[in-house]
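K.L.:
As a plain string of letters, each chain reads:
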Amino acid sequence: MSSPVTGGPEVVLRLAGISKRFGPLLANDNISLTLRAGEVLALLGENGAGKTTLMNILFGHYVADEGTIEAFGRPLPPGSPRAALEAGIGMVHQHFTLADNLSVLDNIAVGTESLWRWRSDRGAARRRLLDLSQRFGLEVRPDAPVGDLSVGERQRVEILKALYRDARILILDEPTAVLTPQESAGLFETLRRLTADGLAVVFISHKMNEVFAASDTVAVLRAGKLVATHATASTDRAKLAELMVGRSVKPPAPAPLSPGEPVLELAGVTVASGHGRPLLDGVDLTVRRHQVVGIAGVSGNGQTALAELVSGLIRPDAGKLSLKGSVVGHGDPADMVRRGVARIPEDRHSAGLVGAMAVWENLIAERYHDSSFSRFGVLRRGAARAYAREVIEEFDVRCPGPDARTQLLSGGNMQKLILGRTLAHGPDLILASQPTRGLDIGAVSYVHSRLLDARAAGAGVLLISEDLDEILALADCVTVAYHGRLTPLLPHDRVSVSQLGLLMAGHWDVLRDILPETIDAA
Amino acid sequence: MDFLSILLDILLSAAFWTAVLRIATPYVLGTLGELVCERAGVLNLGIEGIMTLGAMAGWMAVYQGADLWTGVLAAAACGALLGLLHAALTVPLGLSQHVTGIGVTLLGTSLSYFVYRLVLPQASTPPTIEPFQPLALPGALAQTPLTYLAFLLVAVVAYVLYRTPVGLAVRMVGENPAAAEAQGLNVTAIRIGAVVAGSALMALAGAFLTLSAFNAFFFNMVNGRGWICIALVVFASWRPGKALLGALLFAVFDALQLRLQQASGGVLPYQLFLMMPYLLSILALVLVARRASYPRALMIPYRKGER
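Protein chains in written order, with the working numbering: chain A, 104 to 625; chain B, 414 to 720.
Next comes chain B alone, as it looks inside the complex (with noise of 0.2 Å):
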């Protein structure tokens, strides 16, 4: 069989499309979070350990016997008080963005390894939980109500920054803090509300993880999915519609390496399908994120009184 005829196999499968909606449903959280986060002009480097916390801590409520949706609920709460501490540094106190955010990542990785440890102090295979099961739908529909809830996100974020009075403050501060006070908006509240939400919604990516594609929690399992998030707002310019079309095709990728791994039968070796997701990202960054308009406050701390 010649490579097209392998492609055009896997594509017309629907359990690769069903792959590809699991697969990009963490991605999609992840990228609305930081979305909401940058579009206010706060840069949230702490995606990565906010994913962690959120997929051990839905994880550890579930397995301490709460239903799966209070899990739900306990990871983006706890990925919100990450934020919160992540904005009451940069917003409020003015700190480096960069700085912060990582040092967020760690905390939040670090703290995530080290409370599983606490609970579990002898387990050798990870315990396990009975996660969301896929809707009885016909095809690569037939996905988790985690999956659905991101895909319904999308339209819930885009309808806030473009239609509520309330996302067009999100998107002013984010713009040009000084313009959105002259206009009686509280600059700081707005941008720490922003960074709040935003940071639930990567815990939910991180609960994703834990509560519906796997039913354990390990170390390492978010395995750069943030970082990959932060290059996904760039290439979605910022818009929640455009941010679901990039961690699609990035699931597309990525499912379709792991295809292309089995069907080359060893031939190639498996560390270049790995890289190929990746590859094309940074080809796909480089093609439209030169044209993107960012944020004019990006990364910029507004302290009031101050030109």
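Just chain A, same shape as in the assembly (with noise of 0.2 Å):
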């Protein structure tokens, strides 16, 4: 199997002078990578670094400008999904492409017989199915339908997709995204058994730790040019963040502040769901000023019902809300805002801007109706404007103007610009839901320095993140959410990260060991 002129184990997949652009945006520029059988590849960059469209680009999904690809020494012709199967190689979306209302041998075996067959062949499907499930520990239900699968098994049908077809290389697009800790780790024992039968694996990542869990190489792409390629072993942490961002980057420090009194008290709170389980079950929590409360947590857990609640949105069936010490009856979204709450929506696209309409539009989305925005139902457009300009200034949104169209503004300045609406008043509570998720390195940080002003400035924060490494840095007191229940408040130093993914797969019976005194008394 091995090479003549390297002497290693053989080359499977070399790419040569990828370029591809999208509009005015070069996404990749000339990269150049190769493969070899049983190698794990790291494809590190940040987001929009270029790191899935190199990879669509492999999978025919989309088609290069310029460069060539060749697997297994033949070369692939570019553009077709199912050329790219035929050469072996399998790819696992980061947004799983699987159908949720037909079963798991249905998904798994769609595609693969000749579409004119009178029958198929379900009992051979089945025990090829079964056969590859074993051999590789990736345990599923063939008859399940999707739709009914945890995140985790969905990932493993997605592999298995791929194996049943043959493929000896396997793309995995930020594989780590929706699984807890502990299921990452179960995903990279089953890296290393893929890689022992001879596959190689290339898996996009922007998460340093997994990076030196699982890869032998890591590739780092910046702003569509490969940076560097390394042997994981012969680099660290520190380098890479550096060739990632191509700066040096500072983790950010919060200042100890003691709490001071609630701003938001949650008492037994109920959020029912049409069917089923509650989406909130009996929840209390209290978030103070000066205090940073992060919510942990695979998403689906109950985190949009609680942001929802907070925002207004939806009403508690049981329990109390009260803000600032007063009860808030049947509060409405207005309300909220009125009573000093901030909000940073989960998706800024479809909650937290209006694309189509300007800039300034935007800024005063949320309170038109002041006498300064609006004389006698009439909008103060100058006003608005003047306004506009201020906190663009003041938080340095990168946009031509006040009347620039929102929907053209990077994904940075988008939430620069929801920070401005929303800090710019000087809240008493800040909701931050997912508030960097999307974001590069450099924005992540100014929303994080945003944040951490507002919290010396007076505010509570309730972050709700799904990204441990984010709530550990930031928040004084996490708690983690589970089936709707949400943990007893955590102080951040006492708690470890694996600690936290035992907690966010169900396994309450750590907080024995984090906080001994309260547990007994429940």
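The set of hints was computed from the structure by calculation and includes no laboratory data. All residues carry an ideal CB built from backbone N, CA and C; glycine is no exception. Be aware that a few hints might be false.
To be verified - Reference listing, derived: stretches of chain B covered by chain A, where coverage requires no fewer than 3 residues with Cβ under 8 Å from a Cβ of chain A:
{"#": "1", "segment": "593-606"}
{"#": "2", "segment": "631-638"}
{"#": "3", "segment": "700-710"}
Starting from two chains that each stand alone, build the complex the way the hints lay out.
P.N.:
Put into structure tokens, the structure is as follows:
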């Protein structure tokens, strides 16, 4: 199996001079990479560095403007997922490409038989699936509808889908983004079994710890260029971070502050869902001034309902919600804003901003009825524009001016716009849902420092995030959401990432180790 | 006679069940056709127009001297062509499926009347043909061949959808086209194929009206049957077996209201009876369709390389 030139294992994949342009954006700039059998290559880079574009070119979703791909010594025809599959390349997409209403077996077998057979050979498909499942320790239930599976199980289905088609090269796009730390460890174990069998793996990541946990080689992309390729063992975190960002980065450092009076109190709050278990189930939570409370958890465990509750979009079915000591009866979003709640929504495109409207219109969206912005039902456009110019200046929003259309802004600048809209008025409570999702490191540290400034100025911050590193860096206290319930508040310096992982997976018995005193009482 | 004994009399008569099967036939075919389109992710509101065109084309072919089965084929071919138009606009071009479908219905209906008038400018009473005759079987089994074909097609569509690779591919593009493409399937081709095949089935529903149920083509003869089929697909949760059940249920209501109308002897206004099947359909939809799990990609155009 060894190649005569280098003596190492066989080169299975060779990308040469790949370039891809989307309008004015050069997403991939002359990238060349090689991958050997049995190797795990980590493709590291910030959001927008071109990682996913490169892999989508490899898998035939996009066609490169320049450059060639060779798999197992043969050129790969561009722009055809079918050709990539036939060449032995399998891809596990970041957003799983599975059909919820179909069974696991259907999802795996579709497209593997000639379309014009009179009968699907389900028996053979099932045997092959179970055989692969056993060989690589990837447990699945062939007849379960995919919609009933957990995220970890779905990922196993995606991997099996590739193996079922005899993939020898497996591409994983941000495979751990949706997993608990324990599930991630399981995934890395699977990758080791696969490479022991001679498969080659490329996994895309922007998380440093995964690169060290799972890869043999790391390739760093920045702004569409391949800036370095290293053996993972011969490099370190600081060096990789600098390569990724292009400068050295400092982690946020919250100054110690003693928490003040409560700004948000939830007592026994329950929010029913239309069916099955409630979205929030008897939640108690207190957020105080000068305090960041982090909500960790795998998405779908009640975080969205909690955010909607504090935003005034939904009401509790039982229990009480108080702001600054007064119970909010039937709050609506405008009432919550008046009561001093600043909201940074989870999805800035759909819930945060109206892309087709101007920057100034979005900036006054929460208070256009204030006397400073409208009089006798007529907008005071001059005053609104002047205000917008101030916020743009103060929050460093990079845009042509107050009249620019909002959808033309980058993700980071959109987030600054939302920060400007909500923080400019000295809020008492900040609800930050996934405030840095999809932002590059520069924008992330800006958002973090603004949140910490607001905390210093006396606001309480409720931080909902799937990024444990972010939560542990910013939060004074952490609580974990699981099946609509919240753990007691855990001081950030008494809880580790692996303990949080166990809590996120529902193993609340570890609370005994973290908070012996409170658990005995409960 | 009290109401219950009237009802019993009706339900126990063979003539009633003969009528039920006959009335159900176009609904079975139309619902199957719509179901095939929607399973692939394409809503086909062209159904009313496609049924009208099928009714006209089948009848016209036979009127011009073709035999009955050639007429059936002509209807299917015209339906497939109109389906191809709907598919071309909604699948590769990704136009709104609602708007396109209504356009196809307007086109199919007007085109049918136009061609009919072009060929028969002066006909005041619609000319007739010799339609399919019921098979010489006892009781309610005395149906025309097209009814038997419709019931056979339920089994065929169910088999193709659930037991063949092409059926799995159709279901996959209707649930998650991106996943289908990642598995190497050609989403565009599969969707177009499903819409064309489904539209051919709809046209058969129309052909049944002119070649089996009646012997002439007249204006507004489809009379909203296509719209009922759209509702029946939802009622059936996109499953062929349940589609058959829904069509039969609707036909029972329809046959029943006719007979109750006669039995009531003009005490109640006949419009009340006419409303009955529709009211009961709405009720059935409310009860059943709230839990339906629809094809996830229904009405969402798929463009390669976009998320």
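K.L.:
Each hint needs a verdict: does it hold in this structure or not?
P.N.:
For each hint, the structure was consulted:
Closer than 8 Å: that is the beta-carbon criterion, and the segment 593-606 of chain B has 6 residues meeting it against chain A, so the requirement of 3 holds. Counting residues of the segment 631-638 of chain B whose CB lies closer than 8 Å to any CB of chain A gives 0, so the stated coverage by that chain is violated, three being the minimum. Coverage of the segment 700-710 of chain B by chain A holds [criterion: at least 3 residues with CB-CB distance below 8 Å; count 3].
Of the hints listed earlier, the one the structure fails to meet is number 2.
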